[in-house]
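Required output: the full structure, derived from the provided sequences and hints.
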Amino acid sequence: MNSLIKLELARALRNRKFLFFSVIYPSVLFLITAGNADSTTKVPGSGLTLPTYMMVSMASFGALTAVLMGNSERIAKEREGGWVRQLRLTTLPGRGYVLAKTASAAVVSLPSIVIVFAVAAAVKDVRLDAWQWLALTGAIWAGSLVFAALGVAIGYLATGDAVRPITMITYFGLSMLGGLWMPTTTFPDWLQDIAKWLPTHAYAALGQAIEQSRAPHVQDLAVLVVSFVLFAGGAAWLYRKDTLKA
Amino acid sequence: MTTTASVVAFDQVSKAYDAVRAVDGLTLDLSPGQTVALLGPNGAGKSTTLDLLLGLKKPDSGTVRLFGTSPRDAIVAGRVGAMLQSGGLMDEVTVAELVRLACDLHPKPYRPSEVLSRAGIAQIADRKVNKLSGGQAQRVRFALATAGDSDLIVLDEPTTGMDVTTRQAFWATMREQAEQGRTVLFATHYLEEADAVADRVLVLHRGRLLADGTAAEIKARAGARRVSFDVEGALDEPALRALPFLTGIDISGRTVRIQSADADATVHALYGLGVYPRNLEVAGLGLEQAFVAITTAEEAKSK
Numbered sequence: 001m002n003s004l005i006k007l008e009l010a011r012a013l014r015n016r017k018f019l020f021f022s023v024i025y026p027s028v029l030f031l032i033t034a035g036n037a038d039s040t041t042k043v044p045g046s047g048l049t050l051p052t053y054m055m056v057s058m059a060s061f062g063a064l065t066a067v068l069m070g071n072s073e074r075i076a077k078e079r080e081g082g083w084v085r086q087l088r089l090t091t092l093p094g095r096g097y098v099l100a101k102t103a104s105a106a107v108v109s110l111p112s113i114v115i116v117f118a119v120a121a122a123v124k125d126v127r128l129d130a131w132q133w134l135a136l137t138g139a140i141w142a143g144s145l146v147f148a149a150l151g152v153a154i155g156y157l158a159t160g161d162a163v164r165p166i167t168m169i170t171y172f173g174l175s176m177l178g179g180l181w182m183p184t185t186t187f188p189d190w191l192q193d194i195a196k197w198l199p200t201h202a203y204a205a206l207g208q209a210i211e212q213s214r215a216p217h218v219q220d221l222a223v224l225v226v227s228f229v230l231f232a233g234g235a236a237w238l239y240r241k242d243t244l245k246a
Numbered sequence: 247m248t249t250t251a252s253v254v255a256f257d258q259v260s261k262a263y264d265a266v267r268a269v270d271g272l273t274l275d276l277s278p279g280q281t282v283a284l285l286g287p288n289g290a291g292k293s294t295t296l297d298l299l300l301g302l303k304k305p306d307s308g309t310v311r312l313f314g315t316s317p318r319d320a321i322v323a324g325r326v327g328a329m330l331q332s333g334g335l336m337d338e339v340t341v342a343e344l345v346r347l348a349c350d351l352h353p354k355p356y357r358p359s360e361v362l363s364r365a366g367i368a369q370i371a372d373r374k375v376n377k378l379s380g381g382q383a384q385r386v387r388f389a390l391a392t393a394g395d396s397d398l399i400v401l402d403e404p405t406t407g408m409d410v411t412t413r414q415a416f417w418a419t420m421r422e423q424a425e426q427g428r429t430v431l432f433a434t435h436y437l438e439e440a441d442a443v444a445d446r447v448l449v450l451h452r453g454r455l456l457a458d459g460t461a462a463e464i465k466a467r468a469g470a471r472r473v474s475f476d477v478e479g480a481l482d483e484p485a486l487r488a489l490p491f492l493t494g495i496d497i498s499g500r501t502v503r504i505q506s507a508d509a510d511a512t513v514h515a516l517y518g519l520g521v522y523p524r525n526l527e528v529a530g531l532g533l534e535q536a537f538v539a540i541t542t543a544e545e546a547k548s549k
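Quick note, the sequences are listed as chains A and B, same order.
246 is the number that this note's numbering gives the last residue of the first sequence; the numbers go up by one with no jumps.
549 is the number that this note's numbering gives the last residue of the second sequence; the numbers go up by one with no jumps.
Don't take every hint at face value.
[Stated by the list, open to error] As a list, the in silico BS3-like pairs of lysine-lysine whose alpha-carbon atoms are at most 30 Å apart: (1) B:Lys377 with A:Lys77; (2) A:Lys6 with A:Lys17; (3) A:Lys17 with A:Lys77; (4) A:Lys77 with B:Lys304; (5) B:Lys547 with A:Lys245; (6) A:Lys17 with B:Lys304.
[To be verified] Chain A regions said to be covered by chain B (calculated; three or more residues, Cβ under 8 Å): (7) 3 to 12; (8) 76 to 88.
Because the hints were derived from the structure by calculation, they are not lab data.
C-beta: ideal position from N, C-alpha, C; glycine also.
Dropping the structure here:
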């Protein structure tokens, strides 16, 4: 299975468009959103400066891009094209294909997180304790698994034609409504009520809790855990259905 | 190599999609070292049969065993190499990378360079998989099926998209595989391939096994032989049509083509008519005609 992970990774690293959107683009977006803010403006209700707040949002956004964008489309296309069937004629265990995709996405998501941090620290003077940097990296990286599972589920749900629009709607919807592009505090109240139940919101809130040196809200943790169980369970169910049908 | 257990054993295997019985009570047994063609028109159930054989589909009833175990266990043991008809490939990687992956995944792998050259794709090893022609992609699929020392090689319509030269080279390679004691099973609708390559031909029609034997036996079973000749002088069509044992006749210009259940008697009667046939040829039906004869007979029976 290692050889498949290596090959998936080599392919991901060769895809410039994918690398741009998952590794570079979140940092660019961070500079645009946090660019004019001085380091003293606080995001209401958080006690964090705008750059500090947005750094976590954008790192989460980058990780989300890396794990969601490539995989759903590839899985749908490779399922339809018959590569998944061909792999079933090898010694690779059934789960190996999905695990290799997830593992390679996780390798790409790490630099997208770290680069946003580096840009934030260097350009916008974001300062945190060492344990906070480490905890942030770990939390955002681990949290991205929720969305990796979602990507796999979409890949097994959608056909090759429909997968791109479905992924795009999910991706932009989750990013925007979950407050990854702008703090949800700027939303009208009714939208804030919806946003706080989105896994992307909980995902970024986890990072912001670390920045605030406090324990995360139970609701955010619960949203993430439930989302993971739903997405991973759905992916497993769809995978089994697809295998029987193939 | 296995000696006692059969390579492939189907026992009363059925598989239906909705109301259509794709495979209907199929029982068959392949021994080591055979090269077997699975022949049938589109929709005969060839691909479903191979999917069941490889464990990609589960039969509704009956059992499929490979080397005395389940298909999956046989694959995990590295005993089966297979090439699917619509076997998609991983794109945006090179041919060499993909072949290396296949070798890595095989329990008894060959060296990637060996596999590449045997499949005739060493020259395109650095090319991206999604930039290949149909015939080249087909050879890459073949390379994936022969990445290791498997005992059974399964090929679904392997030469689709290959030109004549490539096709010949392909079968030469395949024959080598068979000579090394491997069992080769291939589905095809190219009848001349089955005729030239296989030592056993299975004719599949509507999910059932219609005939099972050597190409010559299948042809003999269809019964008829073909007589053709040119007529000089007057051509007495009614008399020709009245020849004994005739099963078919086609007259175009001076050339007469006859299908006969007993060619010797037909030709004897032909001389009796006082006709002097020029360029007389008596031949067995090609496998293709035999195949058509067998399947149409079956259609007629089922009506």
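Hints and how they fare:
Using a Cα cut-off of 30 Å, the hinted pair Lys377 of chain B and Lys77 of chain A holds, with the two alpha carbons roughly 16 Å apart. Among the hinted pairs, Lys6 of chain A with Lys17 of chain A is consistent with the structure: their alpha-carbon atoms are about 19 Å apart, no more than 30 Å. Only pairs whose Cα atoms come within 30 Å are accepted, and Lys17 of chain A paired with Lys77 of chain A is accepted, the gap being roughly 18 Å. For the hint pairing Lys77 of chain A with Lys304 of chain B, the CA-to-CA distance comes to about 24 Å; that is within 30 Å, so the pair holds.
Taking the CA atoms of Lys547 of chain B and Lys245 of chain A, the gap is near 33 Å; set against the 30 Å cutoff, the hint is violated. For the hint linking Lys17 of chain A to Lys304 of chain B, the alpha-carbon distance of about 40 Å lies beyond 30 Å, and the restraint is violated. Coverage of the segment 3 to 12 of chain A by chain B holds in this model, with 5 residues showing a Cβ closer than 8 Å to a Cβ of that chain against a need of three. With a cut-off of 8 Å between beta carbons, the segment 76 to 88 of chain A has 9 residues touching chain B; three or more are needed, and the interface restraint holds.
Hints 5 and 6, counting from the list given before, are not met by this structure.
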